[in-house]
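A.B. asks: With the sequences and hints as input, model every part of the structure.
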Amino acid sequence: DAKTTQPPSMDCAEGRAANLPCNHSTISGNEYVYWYRQIHSQGPQYIIHGLKNNETNEMASLIITEDRKSSTLILPHATLRDTAVYYCIVRVAGWYTGTASKLTFGTGTRLQVTL
Amino acid sequence: DGGITQSPKYLFRKEGQNVTLSCEQNLNHDAMYWYRQDPGQGLRLIYYSQIVNDFQKGDIAEGYSVSREKKESFPLTVTSAQKNPTAFYLCASSISQGTSGYTFGSGTRLTVV
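Listed in order, the protein sequences are those of chains A and B.
Note that our numbering numbers the first sequence so that position 111 is 104, with each residue one more than the last.
Just add 1083 to wherever you are in the second sequence, counting from 1, and you've got our numbering.
Just so you know, the hints here were simulated from the structure itself, not pulled from any lab data.
Be careful, since some hints might not be right.
[Unchecked claim] Covered, in the sense of this in silico footprint (three residues per stretch, anywhere, with C-beta under 8 Å from a C-beta of chain B), are these stretches of chain A: (1) 24 to 37; (2) 96 to 107.
[Unchecked claim] In silico PhoX-like pairs for lysine-lysine, Cα to Cα no more than 25 Å straight-line: (3) A:K95 <-> B:K1153; (4) A:K45 <-> A:K62; (5) B:K1154 <-> A:K95; (6) B:K1154 <-> B:K1140; (7) B:K1153 <-> B:K1140; (8) B:K1140 <-> A:K95; (9) B:K1092 <-> B:K1154; (10) A:K95 <-> A:K45; (11) A:K(-4) <-> B:K1140.
Just so it is clear, CB atoms sit at the ideal spot from N, CA and C, and this is done for glycine as well.
C.D. replies: Written out as structure tokens, the structure reads:
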């Protein structure tokens, strides 16, 4: 799986949009971009994933550049409860391999939302 | 509601003892995973299983063992051979194919005393 690079920490004011960048310059054509977050002492929570089109769900938006070498997770109106470590992961989808594929976690970005 | 249950939440073990961490899921997922997390670090893969009666070593399997006798269950045994077992252990599951993400349990914090 391709390696990802994320800033170690970011701050965001409550109510503002939080934009979390991720570089994945060695991503392959069949690798998806996944985002998870981990609130202190809990299991990671799936947020969103995408291949090449921008994606949006009730939690966040995912913007993937045209060359797919980087992406940005956007939390449109950050709240204090969004304070967490955010992980960007690239992974081959299971139907390419016929089997479950592993997720490799880096150290992520620690997002601190403040009043 | 479907989900993954890890038990116990906190576990203390004397040095030299084996201990088994439980992971049960009712999501009908084929694949299950065990990760270890140390303070300030990301998650590292210990073992994973794609189907019943099959499992593969992850990046840090030494000192650990698993079994997958039932689809719903994937217990992890931390053996006395694991030199630094104190950590936060996370279990996850996913469907084998498709693009859906993992579902994680709430974790077990193991402390060796």
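A.B. asks: Keeping to a limit of 25 Å between CA atoms, is the pair of B:K1140 and A:K95 held or broken?
C.D. replies: holds, 11 Å
A.B. asks: Take a quick look at whether A:K(-4) and B:K1140 sit within 25 Å of each other, Cα to Cα.
C.D. replies: Satisfied, since the Cα-Cα distance of roughly 20 Å is no more than 25 Å.
A.B. asks: Check whether the Cα positions of A:K45 and A:K62 lie no farther apart than 25 Å.
C.D. replies: holds, 10 Å
A.B. asks: Go check the stretch 96 to 107 of chain A versus chain B for me, would you? Three or more residues, Cβ under 8 Å, otherwise it fails.
C.D. replies: holds (count 6)
A.B. asks: Count the residues of the stretch 24 to 37 of chain A whose Cβ falls closer than 8 Å to any Cβ of chain B, and tell me whether that reaches three.
C.D. replies: holds (count 7)
A.B. asks: Keeping to a limit of 25 Å between CA atoms, is the pair of B:K1154 and B:K1140 held or broken?
C.D. replies: holds, 18 Å
A.B. asks: When you check the alpha-carbon spacing of B:K1154 and A:K95, does it fall within 25 Å?
C.D. replies: The hint holds at about 18 Å.
A.B. asks: With a cut-off of 25 Å on the C-alpha distance, tell me whether A:K95 and B:K1153 pass.
C.D. replies: Judged against 25 Å, a Cα distance of about 20 Å means the pair holds.
A.B. asks: Quick one, are B:K1092 and B:K1154 close enough, alpha carbons at most 25 Å?
C.D. replies: Measuring from Cα to Cα gives roughly 22 Å; hence the hint holds.
A.B. asks: Given the hint that B:K1153 pairs with B:K1140, does the C-alpha gap stay at or below 25 Å?
C.D. replies: holds, 18 Å
A.B. asks: So if I understand the rule, the pair passes when the alpha-carbon distance is 25 Å or less; does A:K95 with A:K45 pass?
C.D. replies: Holds, at about 20 Å.
Comparing the model with each numbered hint stated earlier shows that all of them hold.
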